[in-house]
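Start from chain A and add chain B according to the hints.
In order, the protein sequences belong to chains A and B. Take 25 as the starting number for the first sequence in the numbering used here and just add one per residue. Take 25 as the starting number for the second sequence in the numbering used here and just add one per residue.
Note that these hints are calculated values from the structure, not bench results. Check each hint, because a few of them may be wrong.
For chains that are exact copies, the list does not tell them apart, and a pair is met inside one copy or across any two.
[Said to hold, decoys possible] Distance condition first, Cα-Cα at most 25 Å in a straight line; then the derived SDA-like pairs of lysine to any residue:
| hint | residue 1 | residue 2 |
| --- | --- | --- |
| 1 | Lys74 | Ser63 |
| 2 | Lys65 | Gly46 |
| 3 | Lys79 | Gly34 |
| 4 | Lys74 | Gly34 |
| 5 | Lys74 | Gly38 |
| 6 | Lys74 | Cys37 |
| 7 | Lys74 | His39 |
Fair warning: this is a prediction, and the values are worked out from it, not measured in the lab.
2 protein chains.
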Amino acid sequence: MENVTLNVSGMSCGHCVSAVEGNVGKLAGVESVKVHLESGKVDVTFENGKVSLEKIKETIDDQGYDVE
Amino acid sequence: MENVTLNVSGMSCGHCVSAVEGNVGKLAGVESVKVHLESGKVDVTFENGKVSLEKIKETIDDQGYDVE
Numbered sequence: 025m026e027n028v029t030l031n032v033s034g035m036s037c038g039h040c041v042s043a044v045e046g047n048v049g050k051l052a053g054v055e056s057v058k059v060h061l062e063s064g065k066v067d068v069t070f071e072n073g074k075v076s077l078e079k080i081k082e083t084i085d086d087q088g089y090d091v092e
Numbered sequence: 025m026e027n028v029t030l031n032v033s034g035m036s037c038g039h040c041v042s043a044v045e046g047n048v049g050k051l052a053g054v055e056s057v058k059v060h061l062e063s064g065k066v067d068v069t070f071e072n073g074k075v076s077l078e079k080i081k082e083t084i085d086d087q088g089y090d091v092e
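Chain A on its own, in the form it takes in the complex:
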């Protein structure tokens, strides 16, 4: 299991938290995802063989947010 903290810009409210946590959280291989709205950080715990970091970043990007 791996842990990563991503810097994400554009998240502004509870709906944004739900969009990111909901969509990343339902990826097979993601164990947990937690958005910290004020700091713009997203903590993700995932199984590297099942889901790639690239896929996680792409999922956040697809919701309309910029991942550094």
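Here is chain B on its own, set in the frame of chain A:
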């Protein structure tokens, strides 16, 4: 038909626009609703006999926003 422009604070993103437009828009008696995100204004056209201004304000408030 009446037109009103409400000042609403706390709307920050497209999800907020959808929450307000979607929920106000489905009230019986509301003909149209348009959120202007940058100015925090919400234009509503409604039929006063079918829906009250108070009900419209309450619906926005229920979504977590402050109506002046």
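Results for each hint:
1. Lys74 - Ser63: neither (28 Å within a copy, 44 Å between copies)
2. Lys65 - Gly46: within (15 Å within a copy, 29 Å between copies)
3. Lys79 - Gly34: This pair counts as within: shortest intra-copy Cα distance 19 Å, inter-copy 32 Å.
4. Lys74 - Gly34: neither (28 Å within a copy, 39 Å between copies)
5. Lys74 - Gly38: So lysine 74 and glycine 38 fail the 25 Å test inside a copy (28 Å) and across (32 Å) alike.
6. Lys74 - Cys37: Classified as neither: same-chain Cα gap 30 Å, cross-chain 32 Å, threshold 25 Å.
7. Lys74 - His39: neither (27 Å within a copy, 30 Å between copies)
The structure shown violates the earlier hints numbered 1, 4, 5, 6, 7.
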